[in-house]
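Letter by letter, the chains look like this.
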Amino acid sequence: MAQIEQSDKGGKKKKGAQKKMQIHVDFTPMVDMNMLLITFFMLCTTMIKSQTLSIALPTNEKVEQQDMNKAKESEAITLIVDTERNDDGTIKKDGDGKPINVVYYYEGKPMVVDDNNDSIFEDSNLKREQFLGNADGVQQGIRKILHDRNKKVLEKIDVLKAQWRNKEFASKKELNDSIYQAKAKEIRNDSTLTRPVVIIKATPGASWASVIGALDEMQINQISRYQIDNINKTDEGMIDAWKRNNPGK
Amino acid sequence: MGKVKIKRKSTLIDMTAMSDVTVLLLTFFMLTSTFLQKEPVTVITPSSVSEEKVRTSNVAQILVSPEGKVFISVAGDADAANADTWGSEPIRKEILRNAVTEYNRLHPSKKVELTEKDVETFSKINAFGVPFQALPAFLRLSPTEQDKVISDMTRADVGIPIDDNTNLETPNEFQIWMRAIYSSGNDNLQAAMKQGEGIAVKAGQDTPYETVHHVLDNLQTLKMNKFSLMTALKTEND
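In the order they appear, the protein sequences are chains A and B.
For what it's worth, this note's numbering labels the leading residue of the first sequence as 14, then goes sequentially.
For what it's worth, this note's numbering labels the leading residue of the second sequence as 574, then goes sequentially.
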């Protein structure tokens, strides 16, 4: 391949004819150099492009009470994410080496039982779930709860998704995508459907991953109304009560 | 017994094909990958299902280390036409000048004086994060020394000071920097920050919410309510 053979078939040997030459270029150093360059590029560059998740926080300016858009009690669901930690502050891992992210939640307003009025709650309407994702195509854990709350929207979006896959909106991919996105957004914000309002809170020890996980669930379950809020005393008291009532969990 | 004749074979291996393959691989790597940005700490971002790609131009990236130290890196306009006015380096110079002027106005007794050379050095640094008072000394170190200082999370003079200040009349250093970035004069950057794409918060997946919360609170105070969070693509199929 890298040699050029000059053959003179059947030619008679003449006097003064050029000598047969074999040109052979050795490519080994070239390969060496290329390998070095590849190594350099593999070490100094990254192929991973970060994804972003955009969020909008509510303003922290004092809002007039009547202006406040109070969430309807029946629609509200509060999630409090937490991460189980060892005594030294490191994150507890389960058998598969995954962190244990739990989510406490209550529907509507917090309801607490405080028999002796000492602000140490005996019981509340707080429940606990985990981020389990899907198992065999069925929602598990907190996803199931959010999925059930937003069923009406999700049903409509599923129909839309099927149409989008069959490219029913437009034959061109980009156009098909954008029509789908616009229609999905319309459904997500359709006020005639019962949609939940999710308030996401996090305990101080909750890992960043668990907060992102909660925001992710909003995307997965097509929930358009959610906000991040700060944890308050009542929430902390409710978690304490839950832990006391369910020891060893 | 006849002698077994061993055929003499040339040991020369033709490397041309090998060379072809390596050059192709090299081309592939050069075209698809991007250079790693030097960062004071390497954090593993949590994964999410979001498919929005992070911007590489006109973005202010806020990096939060697990210890709660805050660093900011600013990328300017990628457009080659205005690289001289709003590329990464000119914009960083502009931001530094703005921020230092603002800091000196607020703290007349502890003024920070920077030379033209310091500003030049600053524009070459990708992620910065030292208090204003330590800035001149930091910028006069050699690049290797700078890297060493900024990656040492135990030092008190590393990381932009940030507290729970909600009064914008007396902003903390983080707020001074963010406002300087916002008002750097580049309309594209300002528009991106308004839409939320221009501010990216990056934190490790194990970092406690308490730590990241500081940054979110400060952004809220600055009325930069819209921003994006850096995540990696979810690997599991769910």
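Certain hints may be false.
[Said to hold, decoys possible] Dumping the calculated DMTMM-like pairs for lysine to aspartate or glutamate here, alpha-carbon to alpha-carbon at most 20 angstroms: (1) 196(A) - 640(B); (2) 122(A) - 249(A); (3) 62(A) - 770(B); (4) 105(A) - 720(B); (5) 111(A) - 770(B); (6) 256(A) - 171(A); (7) 62(A) - 737(B); (8) 164(A) - 149(A); (9) 122(A) - 109(A); (10) 807(B) - 253(A); (11) 198(A) - 783(B); (12) 582(B) - 181(A); (13) 198(A) - 624(B); (14) 180(A) - 161(A); (15) 105(A) - 640(B); (16) 105(A) - 783(B); (17) 174(A) - 783(B); (18) 807(B) - 136(A); (19) 256(A) - 88(A); (20) 122(A) - 88(A); (21) 626(B) - 190(A); (22) 666(B) - 760(B); (23) 626(B) - 88(A); (24) 246(A) - 737(B); (25) 799(B) - 181(A); (26) 106(A) - 779(B); (27) 196(A) - 624(B); (28) 186(A) - 625(B); (29) 799(B) - 624(B); (30) 796(B) - 128(A).
FYI, nobody ran anything at the bench for these hints, they're computed from the structure.
These are the hints, each one checked on the structure:
A hinted pair counts as satisfied when its Cα atoms are at most 20 angstroms apart, and residue 196(A) with residue 640(B) does not qualify at roughly 43 angstroms. Distance hint between residue 122(A) and residue 249(A) is fulfilled; the C-alpha atoms sit about 15 angstroms from each other, no more than 20 angstroms. Restraint check for residue 62(A) and residue 770(B): satisfied, since their Cα atoms lie roughly 15 angstroms apart, inside the 20 angstroms limit. The straight-line distance between the Cα atoms of residue 105(A) and residue 720(B) is roughly 32 angstroms, outside the 20 angstroms bound, and the hint therefore fails.
For the hint pairing residue 111(A) with residue 770(B), the CA-to-CA distance comes to about 30 angstroms; that exceeds 20 angstroms, so the pair is violated. Between residue 256(A) and residue 171(A), the direct Cα distance comes to roughly 38 angstroms. Violation of the 20 angstroms bound is thereby established for this hinted pair. Using a Cα cut-off of 20 angstroms, the hinted pair residue 62(A) and residue 737(B) is violated, with the two alpha carbons roughly 32 angstroms apart. With a C-alpha separation of about 19 angstroms, the suggested pair residue 164(A) and residue 149(A) falls inside the 20 angstroms cut-off, and the hint holds.
Of the supplied pair hints, the one linking residue 122(A) and residue 109(A) is violated, its CA atoms being roughly 36 angstroms apart against a limit of 20 angstroms. With a CA separation close to 32 angstroms, the supplied pair residue 807(B) and residue 253(A) exceeds the 20 angstroms bound. Proposed proximity of residue 198(A) and residue 783(B) is contradicted: the alpha carbons are some 32 angstroms apart, above 20 angstroms. Among the hinted pairs, residue 582(B) with residue 181(A) is inconsistent with the structure: their alpha-carbon atoms are about 66 angstroms apart, more than 20 angstroms.
Among the hinted pairs, residue 198(A) with residue 624(B) is consistent with the structure: their alpha-carbon atoms are about 16 angstroms apart, no more than 20 angstroms. Proposed proximity of residue 180(A) and residue 161(A) is contradicted: the alpha carbons are some 28 angstroms apart, above 20 angstroms. Restraint check for residue 105(A) and residue 640(B): the C-alpha separation of about 18 angstroms stays at or below 20 angstroms, so the hint holds. Among the hinted pairs, residue 105(A) with residue 783(B) is consistent with the structure: their alpha-carbon atoms are about 18 angstroms apart, no more than 20 angstroms.
Pair hint residue 174(A) plus residue 783(B) does not hold up; C-alpha atoms about 38 angstroms apart against a cutoff of 20 angstroms. Note on residue 807(B) and residue 136(A): the hinted pairing is violated, with a Cα-Cα distance of about 37 angstroms set against a maximum of 20 angstroms. With a CA separation close to 26 angstroms, the supplied pair residue 256(A) and residue 88(A) exceeds the 20 angstroms bound. Between residue 122(A) and residue 88(A) the alpha-carbon distance is near 10 angstroms, which keeps this suggested pair within the 20 angstroms criterion.
A C-alpha spacing of about 17 angstroms is found between residue 626(B) and residue 190(A), which places the hinted pair at or below 20 angstroms, so the restraint holds. Between residue 666(B) and residue 760(B) the alpha-carbon distance is near 16 angstroms, which keeps this suggested pair within the 20 angstroms criterion. A hinted pair counts as satisfied when its Cα atoms are at most 20 angstroms apart, and residue 626(B) with residue 88(A) does not qualify at roughly 32 angstroms. Pair hint residue 246(A) plus residue 737(B) holds up; C-alpha atoms about 19 angstroms apart against a cutoff of 20 angstroms.
Straight-line distance between C-alpha atoms of residue 799(B) and residue 181(A) comes to about 34 angstroms, which puts the hinted pair past the 20 angstroms bound. For the proposed pair residue 106(A) and residue 779(B), the alpha carbon gap of about 11 angstroms is at most 20 angstroms, so the pair holds. The straight-line distance between the Cα atoms of residue 196(A) and residue 624(B) is roughly 18 angstroms, inside the 20 angstroms bound, and the hint therefore holds. Taken as a hint, the residue 186(A) and residue 625(B) pair is honoured in the structure, with Cα atoms around 18 angstroms apart against an allowance of 20 angstroms.
Simply put, residue 799(B) and residue 624(B) have alpha-carbon atoms about 18 angstroms apart, close enough for the 20 angstroms limit, and the pair holds. This hinted pair does not check out: residue 796(B) and residue 128(A) have alpha carbons roughly 42 angstroms apart, beyond 20 angstroms.
Going through the hint list in order, the structure does not satisfy hints 1, 4, 5, 6, 7, 9, 10, 11, 12, 14, 17, 18, 19, 23, 25, 30.
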